[in-house]
Amino acid sequence: METFLEEVNKKIHGVPLQACYHCRKCTAGCPTAAHMEYNPNKVIKMIQNGQKEKVLASSTIWLCLSCETCITRCPNQVDIARMMDVLRQMALEEGRGAREKNILKFHEAFLAGIKRGGRINEPMMMAQYKLTSGDLFSDVTLAPGMFLKGKLSLLSPRTKDMKSVKNIFEKTKSI
Amino acid sequence: MKVSYYPGCSLHATGKEYDQSMKAVSRALNIELKEVEDWSCCGASSAHSTNFDLSIALSARNLIAAEKNAMDVMVPCAACFNRFKMAEHHLKADKDLKAKIEGVVGAKYQGGIAIRNPIDIIFNEIGLDTLAAKVVKPLAGLKPVSYYGCLLLRPPEVCEFENYENPFMLDKMMDVIGADVKNWSYKTDCCGGSLAISKTSIVIDMCDKLMSAAMEAGANCVVTACPLCMANLDMRPSSGLKLPVFYFTELISLAMGLPGSAETFKSHMFDPQPLMRQLRLI
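Listed in order, the protein sequences are those of chains A and B. For any residue, its number in the working numbering is found by taking its place in the first sequence, counting from 1, and adding 775. For any residue, its number in the working numbering is found by taking its place in the second sequence, counting from 1, and adding 8.
No lab work stands behind these hints: they were computed from the structure. The structure displayed is predicted, hence computed values, not measured ones. All C-beta atoms, glycine included, are put in the ideal place defined by N, C-alpha and C. Fair warning: there could be bad hints in the mix.
Claimed, not checked - Residues from chain A that keep clear of chain B, each with C-beta distances beyond 10 Å, as calculated: (1) M776; (2) C798; (3) R863; (4) K946.
Claimed, not checked - Within a straight-line C-alpha distance of at most 35 Å, the following computed DSBU-like cross-link-like pairs (lysine-lysine) qualify: (5) B:K116 <-> A:K890; (6) A:K946 <-> B:K106; (7) B:K151 <-> A:K924; (8) A:K941 <-> B:K151; (9) A:K785 <-> A:K820; (10) B:K116 <-> A:K935; (11) A:K938 <-> B:K10; (12) B:K76 <-> A:K941; (13) B:K195 <-> A:K905.
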């Protein structure tokens, strides 16, 4: 049977995680490490140890901002940002959901927006996020000013060939 | 020169000042823009955070559409630029993936056009000398720090941006238009990007740190090339830590004396007009 490490390496499809010698440069440069339960290099260690349950149920994988500082500075070109994407996708495909529920709700609202019009209509996307996350009152003071300044518009041009966009979602079996 | 233009979703909404000033500056610098036909969203963070194939396919759909114009494509939004470069990188490196994605999109990807950010086009194609010759109103008194953020630069082997830990293209452009650019160590730090809405407290902390550092460097404003950085720095810092934030194209437009330059300042959430009036720049 494939180990967790082998599974993740296959999906990263690049430098294997065994190349990490835990110099912690990734963690030192990570802007959200302070908010994570496991630091980026610790996640690599946990994958090496086969701690799949803990890794996929962690908040860490959802708090990664994909700022790519880790891969930029890694002396062994271990693609930690890609690793985080792989772990998030694994958690979703295995039906585990996300420890950081609102972050996933935001991604879902964003993708639903693309599926709906090909392009993001921010008020519609925010409405869906707020209704599904229950996070109704954050940013309500910003919205009126943004409408007045023309930064938010209920009607924005959409992609015409929506069939091609919908096909992409169907064929990639996306949420 | 003539290029394809991919505005992306932000430039039609929260980042409309970038779109307006980009078009004005391009016209004045003889860069002809032809919008990519029937473009769709690049997928941004949400696609690659949840489904790799989706993220590549959404970007590939637009790259294939841009290839019809047979010209390099200018992508002002740092996030769209990053996703396009990433898709190009994977499609060129992995034949099996390319075949799979072409099946998903229903069209062939040639990979024959360059994906370019306007910083690179203005700096490397137009040149600082041409820009300098068109300055009619040097921005004396304006003290920006240049803020590049993450997505233009990283990962370096994908984005192919020079000096990715200490970039200087924006700094030099600001210098040429008469601003007194301040040096700082946070040029390429992250603003919090897509977590602004779903994890706001973290993003406020990150923006506060950036703005404190900008103030410590003696800056009276921040200049950026990314609509996500703009949105976060313009709206998220705590009171007492706010500074006006500009797209670099807004400042170039003002220095070139282009009509309507000051109009875009009106739609910033943190009003830059008092500073600009005080410096007699508007």
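Hint by hint, here is what the structure shows:
1. At roughly 23 Å, the least C-beta separation between M776 of chain A and chain B is larger than 10 Å, which holds for a residue marked as non-interface.
2. With a least CB separation of 17 Å from chain B, C798 of chain A remains clear of the 10 Å interface cut-off, as annotated.
3. Not every beta carbon of chain B lies more than 10 Å from that of R863 of chain A, the smallest distance being close to 5 Å; the non-interface claim is violated.
4. Not every C-beta of chain B lies more than 10 Å from that of K946 of chain A, the closest at about 4 Å, which undercuts listing it as non-interface.
5. Between the alpha carbons of K116 of chain B and K890 of chain A the distance comes to roughly 22 Å, so the proposed pair stays at or under 35 Å and holds.
6. With a C-alpha separation of about 14 Å, the suggested pairing of K946 of chain A with K106 of chain B holds against the 35 Å cut-off.
7. A hinted pair counts as satisfied when its Cα atoms are at most 35 Å apart, and K151 of chain B with K924 of chain A qualifies at roughly 26 Å.
8. For the hint pairing K941 of chain A with K151 of chain B, the CA-to-CA distance comes to about 47 Å; that exceeds 35 Å, so the pair is violated.
9. In summary, the hint linking K785 of chain A to K820 of chain A is supported, as the alpha carbons are separated by about 17 Å, within the 35 Å threshold.
10. A distance of roughly 20 Å separates the Cα atoms of K116 of chain B and K935 of chain A; the hinted pair therefore holds under the 35 Å criterion.
11. With a C-alpha separation of about 30 Å, the suggested pairing of K938 of chain A with K10 of chain B holds against the 35 Å cut-off.
12. Of the supplied pair hints, the one linking K76 of chain B and K941 of chain A holds, its CA atoms being roughly 21 Å apart against a limit of 35 Å.
13. A distance of roughly 33 Å separates the Cα atoms of K195 of chain B and K905 of chain A; the hinted pair therefore holds under the 35 Å criterion.
Comparing the model with each numbered hint stated earlier shows that hints 3, 4, 8 do not hold.
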